[in-house]
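Visitor: Start from the sequences and build out the full structure, keeping to the hints where you can.
As a plain string of letters, each chain reads:
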Amino acid sequence: KAGVTQTPRYLIKTRGQQVTLSCSPISGHRSVSWYQQTPGQGLQFLFEYFSETQRNKGNFPGRFSGRQFSNSRSEMNVSTLELGDSALYLCASSLLLRDTQYFGPGTRLTVL
Amino acid sequence: ELKVEQNPLFLSMQEGKNYTIYCNYSTTSDRLYWYRQDPGKSLESLFVLLSNGAVKQEGRLMASLDTKARLSTLHITAAVHDLSATYFCAVVLNDMRFGAGTRLTVKP
Chain R
1 KAGVTQTPRY
11 LIKTRGQQVT
21 LSCSPISGHR
31 SVSWYQQTPG
41 QGLQFLFEYF
51 SETQRNKGNF
61 PGRFSGRQFS
71 NSRSEMNVST
81 LELGDSALYL
91 CASSLLLRDT
101 QYFGPGTRLT
111 VL
Chain S
1001 ELKVEQNPLF
1011 LSMQEGKNYT
1021 IYCNYSTTSD
1031 RLYWYRQDPG
1041 KSLESLFVLL
1051 SNGAVKQEGR
1061 LMASLDTKAR
1071 LSTLHITAAV
1081 HDLSATYFCA
1091 VVLNDMRFGA
1101 GTRLTVKP
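Line order of the protein sequences matches chains R and S.
In terms of the working numbering, the first sequence is numbered consecutively and its last residue is 112.
In terms of the working numbering, the second sequence is numbered consecutively and its last residue is 1108.
Honestly, I wouldn't trust all of these hints.
Just the calculated beta-carbon pair ranges, DEER-fashion [as the list claims (entries may be wrong)]:
#1 Asn1018(S) / Arg67(R): 25 to 35 Å
#2 Thr20(R) / Thr1027(S): 30 to 40 Å
#3 Pro61(R) / Asn1094(S): 28 to 38 Å
Keeping only pairs whose Cα atoms sit at most 16 Å apart, straight-line, the calculated EDC-like set for lysine to aspartate or glutamate is [stated by the list, open to error]:
#4 Lys1107(S) / Asp1082(S)
#5 Lys1003(S) / Glu1044(S)
#6 Lys57(R) / Asp1095(S)
#7 Lys57(R) / Glu1001(S)
#8 Lys1068(S) / Asp1030(S)
#9 Lys1017(S) / Asp1082(S)
These stretches of chain R come out as covered by chain S in the derived footprint (C-beta under 8 Å, 3 or more residues) [to be verified]:
#10 61 to 74
#11 101 to 107
If you're looking for bench data, these hints aren't it; they were derived computationally from the structure.
Where a beta carbon is used, it is the ideal one built from N, C-alpha and C, also for glycine.
Guide: What follows is the structure, given as structure tokens:
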């Protein structure tokens, strides 16, 4: 079974731009969560989707948004990028809400 | 608000030694996870603990959960270099909250 895939793996943007990251969950998994990982703040929860509905949202500004499609694939968008948005963005999928999450390889975003 | 604290944050140990990583959390939860992360890589699920007194073992790693004390431990037995990584505990309430991670270095 293929694991969680994320594209792109690396991204360099400049301040003020926007970015869209994509996540394809493990086949059959209906829940997708997104996390931001930085050396200073560690792993922080962004949002969780299940059956195309956002179920939970972390404490991030409205510049961070996401969605889930009917095939469970998910995208997250960050608008008006700031230097502090530089991070590893991890996507995780699970069969159902609150089940064991399986993480993708991450997208490393650098904002210059 | 759910807080998850791990200690120690850094651990350097010699091969063959034993050690324990601790994970305390502030709010009652019915599941706790341990993950491993190698440098530059993603997170790998190690254990899920679902009930008080749960104990799980895989190779040289053993995890336990005491829900009354809101404490989980990850015990390393006879460490080997391959265990060098960062270990995270994570607690589920409405969402998954991670500890800061313990960076383990096993030296020959």
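Visitor: List, from low to high, the hint numbers that the structure doesn't satisfy.
Guide: 1, 3, 5, 10
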